[in-house]
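Undergrad: The residues making up each chain are set out below.
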Amino acid sequence: MIEREQVLHVAKLARLGLSEEEVERMAGELSGILEHVDRIGELELDDVPPTSHVVELENVLRADEPHESLDRDVALAQAPDPVDGAFRVPSPQAEG
Amino acid sequence: MTDMLELTAVQAQEAMASGDFSPAEYGKAWAEAAAEDELNAYLWRDGNGDAEAISVEEPSLAPVAVKDIFCTEGVPTTAGSRILEGYRPAYTSTAVRRLIEAGAPVLGKTNMDEFAMGSSNENSAYGPVLNPWDRGRVPGGSSGGSAAVVAGGLAPWAIGTDTGGSIRQPASLCGIVGLKPTYGAISRYGMIAFASSLDQCGPLTRDVRDAALMLSVLQGADPCDSTSVGLGEAPSLPDREDLRGLRFAVPSELARDAIEPGVREVFEATLARIEQLGGEIAEAPLPHAEHGISAYYVIAPAEASSNLARYDGVRYGMRSEGSGDLIEMYETTRAEGFGSEVKRRIMLGTYALSSGYYDAYYGQAQKVRTKIASDFSAAFAEFDFVVTPTSPSVAFGLGEKTSDPLAMYLNDFFTVPMSLAGIPAISIPAGLAEPAGGGPRLPVGFQIAAPAFAEQKLLAAAHALEGAIGFDARPEGVRG
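Listed in order, the protein sequences are those of chains A and B. Going by the working numbering, the letters in the first sequence line up with residues 1 to 96, in that order. Going by the working numbering, the letters in the second sequence line up with residues 1001 to 1480, in that order.
What the hints contain is simulated information worked out from the structure, not anything from laboratory work. For clarity, every value in this text was computed on a predicted model and none was experimentally measured. Positions of the beta carbon are idealized from the N, C-alpha and C atoms, including for glycine. The reader is advised that the hints may include incorrect statements.
What the hints assert, rightly or not - Here are the computed lysine to aspartate or glutamate pairs in the EDC-like style, where the Cα-Cα straight-line distance is at most 20 Å:
id: 1; chain 1: B; residue 1: K1457; chain 2: B; residue 2: E1382
id: 2; chain 1: B; residue 1: K1457; chain 2: B; residue 2: E1233
id: 3; chain 1: B; residue 1: K1367; chain 2: A; residue 2: D46
id: 4; chain 1: B; residue 1: K1367; chain 2: A; residue 2: D38
id: 5; chain 1: B; residue 1: K1028; chain 2: B; residue 2: E1052
id: 6; chain 1: B; residue 1: K1367; chain 2: B; residue 2: E1328
id: 7; chain 1: B; residue 1: K1401; chain 2: B; residue 2: D1134
id: 8; chain 1: A; residue 1: K12; chain 2: B; residue 2: D1325
id: 9; chain 1: B; residue 1: K1367; chain 2: B; residue 2: E1290
id: 10; chain 1: B; residue 1: K1457; chain 2: B; residue 2: D1239
id: 11; chain 1: B; residue 1: K1028; chain 2: B; residue 2: E1038
id: 12; chain 1: B; residue 1: K1401; chain 2: A; residue 2: E29
id: 13; chain 1: B; residue 1: K1028; chain 2: B; residue 2: E1057
id: 14; chain 1: A; residue 1: K12; chain 2: B; residue 2: E1328
id: 15; chain 1: B; residue 1: K1367; chain 2: A; residue 2: E22
id: 16; chain 1: B; residue 1: K1401; chain 2: B; residue 2: E1434
id: 17; chain 1: B; residue 1: K1401; chain 2: A; residue 2: E22
id: 18; chain 1: B; residue 1: K1367; chain 2: A; residue 2: E68
id: 19; chain 1: B; residue 1: K1401; chain 2: A; residue 2: E35
id: 20; chain 1: B; residue 1: K1367; chain 2: B; residue 2: E1400
id: 21; chain 1: A; residue 1: K12; chain 2: B; residue 2: E1290
id: 22; chain 1: B; residue 1: K1367; chain 2: A; residue 2: D47
id: 23; chain 1: A; residue 1: K12; chain 2: B; residue 2: D1312
id: 24; chain 1: B; residue 1: K1457; chain 2: B; residue 2: E1241
Unchecked claim - Here are some chain A residues pointing at chain B (derived, C-beta under 8 Å):
id: 25; residue: L18
id: 26; residue: A75
id: 27; residue: S91
Work out the full structure: start from the sequences and follow the hints.
TA: Written out as structure tokens, the structure reads:
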């Protein structure tokens, strides 16, 4: 069972604002889903290696040579608040 | 002359090559057909060259409908999310670039569940897509728009993405062909990421030969995606007509009780057809497949919670107008920009990766993934294919499952195991069946899975079976 405090903690980790109503609903829904998921906890898999990826690949490397890239203006064009060739964001320090 | 729009993409390619009609005439006819969209299936349609970067000088292939998850330079690309409203990418995905270079113009961008999270297309920020067979029902998801335009006569063919069934399930619910290739067959570059170890691009088409043609265009290694390896050799158009010497496995644990009676009937009838064509059917154990949903709904949300961290209101997309400090801006932007299913998955994934729960959830799910993959390997040591229904039910009603996330997730019961194992699987229409609650009959999909990189063999068998089934039903008012 997921408690309200856990929902708030996880939402903080995910930088996700939730309304009061969403916090309530999320606690119930996540509990229901995790109850189903918990069944895999009963499987004996101690000696089984985990699979993170299905394609067996070595690191793929390329030559470290300069090549064409996006223009800075193009890269900034979709930003909500570009200024002087940079992305502007609110201050990380709370005002006041 | 037959109606151009009745032709498959392969037939149209041949007709244009031999001069029966011009690519310009054909493209115009499809643009007009697409403009008749009453299904909310398109989010953007080509308006006579307002997207220079994706224009095709000399078209030679049928125009393609592209799921709105593929970045296309200068064209709005939303992934079905409010957070990307108005976003116009600075570059084009490899899949779309390959189509353009092969001579296939982009007809439009199709609606989808937000960030490909959903099985009904009801999670789009731009409203649900309606199923062309019955507008009170869902087309499936998350590539619901791509399935609906092909089934509804609004596009000759389409591309989508499949993470746990998002090509195969909507193809099944709309009565068309949907192929999820082997993981790594097609580049993911420019395909907005949901769960990177599972996401794969693939075709949604009218028949198996069209799927083969589309796959031959899309496949190949790409320096921009280090996990793309291609198929080695582009598949040729299948022409096989029998299944002699081929062995088909039905999972011995197949949960027949969980399958709608009408779907079960079509499934059994299709098994009988395989035998008529000379194929052999037997049961094979896949004991861990039933845990696929549990493993998937840990792994996919975990990867998603990481992938979706990039939507923070800084570099692209929307930013909340509210004041406050940086953290507050992140939190309110994401609160306003994401829909409820995306929030649910971010929460689920963040929880599963958080300190104290990582081993119990994420670690354990990765081990289940290993077991599912080795179950398939064992089956393929004796069999050529594994077959199941694609979806436990025909298309369900709009709003029927929205209040119960777990019931919605169980739609993916038969498609998720193949995604976890990274193997190719195709859904072909196998017949019509009455919904459990009664009503007009609706399409049923039949899923065939093959070993990794065995696409050519999979397409050959699917083509033979498709010919024997002879599915020619169409939604009311749709040509072809």
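Undergrad: The structure should be examined with respect to each hint, and the outcome stated for every one.
TA: Status of the hints after comparison with the structure:
For the proposed pair K1457(B) and E1382(B), the alpha carbon gap of about 15 Å is at most 20 Å, so the pair holds. About 13 Å separates the Cα atoms of K1457(B) and E1233(B), which keeps this hinted pair within 20 Å; it holds. A hinted pair counts as satisfied when its Cα atoms are at most 20 Å apart, and K1367(B) with D46(A) qualifies at roughly 9 Å. Among the hinted pairs, K1367(B) with D38(A) is consistent with the structure: their alpha-carbon atoms are about 14 Å apart, no more than 20 Å.
Our distance criterion of 20 Å between C-alpha atoms is met by K1028(B) and E1052(B), whose separation comes to about 17 Å. Only pairs whose Cα atoms come within 20 Å are accepted, and K1367(B) paired with E1328(B) is rejected, the gap being roughly 37 Å. A threshold of 20 Å between alpha carbons decides the hint, and for K1401(B) with D1134(B) the separation of about 17 Å falls inside it, so the pair holds. Between K12(A) and D1325(B) the alpha-carbon distance is near 15 Å, which keeps this suggested pair within the 20 Å criterion.
Straight-line distance between C-alpha atoms of K1367(B) and E1290(B) comes to about 14 Å, which keeps the hinted pair within the 20 Å bound. For the given pair, K1457(B) sits about 11 Å from D1239(B) by alpha-carbon distance, which is consistent with the 20 Å threshold. About 19 Å separates the Cα atoms of K1028(B) and E1038(B), which keeps this hinted pair within 20 Å; it holds. About 14 Å separates the Cα atoms of K1401(B) and E29(A), which keeps this hinted pair within 20 Å; it holds.
A C-alpha spacing of about 15 Å is found between K1028(B) and E1057(B), which places the hinted pair at or below 20 Å, so the restraint holds. Taking the CA atoms of K12(A) and E1328(B), the gap is about 11 Å. The hint holds against a cut of 20 Å. Restraint check for K1367(B) and E22(A): not satisfied, since their Cα atoms lie roughly 32 Å apart, outside the 20 Å limit. Of the pairs offered as hints, the one joining K1401(B) and E1434(B) holds, with about 19 Å between alpha carbons and a cut-off of 20 Å not exceeded.
At most 20 Å may separate the alpha-carbon atoms for a hinted pair to count; K1401(B) and E22(A) meet this at roughly 19 Å. Between K1367(B) and E68(A), the direct Cα distance comes to roughly 42 Å. Violation of the 20 Å bound is thereby established for this hinted pair. As the CA atoms of K1401(B) and E35(A) are separated by approximately 19 Å, the hinted pair is consistent with the 20 Å bound. With a C-alpha separation of about 34 Å, the suggested pairing of K1367(B) with E1400(B) is violated against the 20 Å cut-off.
A distance of roughly 33 Å separates the Cα atoms of K12(A) and E1290(B); the hinted pair therefore is violated under the 20 Å criterion. With a C-alpha separation of about 9 Å, the suggested pairing of K1367(B) with D47(A) holds against the 20 Å cut-off. Taking the CA atoms of K12(A) and D1312(B), the gap is near 14 Å; set against the 20 Å cutoff, the hint holds. In summary, the hint linking K1457(B) to E1241(B) is supported, as the alpha carbons are separated by about 12 Å, within the 20 Å threshold.
A hinted interface residue such as L18(A) counts as satisfied when its beta carbon comes closer than 8 Å to some beta carbon of chain B; here the least separation is about 7 Å, so the hint holds. For A75(A), the suggested interface contact is upheld, since its CB lies about 7 Å from the closest CB of chain B, less than 8 Å. A hinted interface residue such as S91(A) counts as satisfied when its beta carbon comes closer than 8 Å to some beta carbon of chain B; here the least separation is about 6 Å, so the hint holds.
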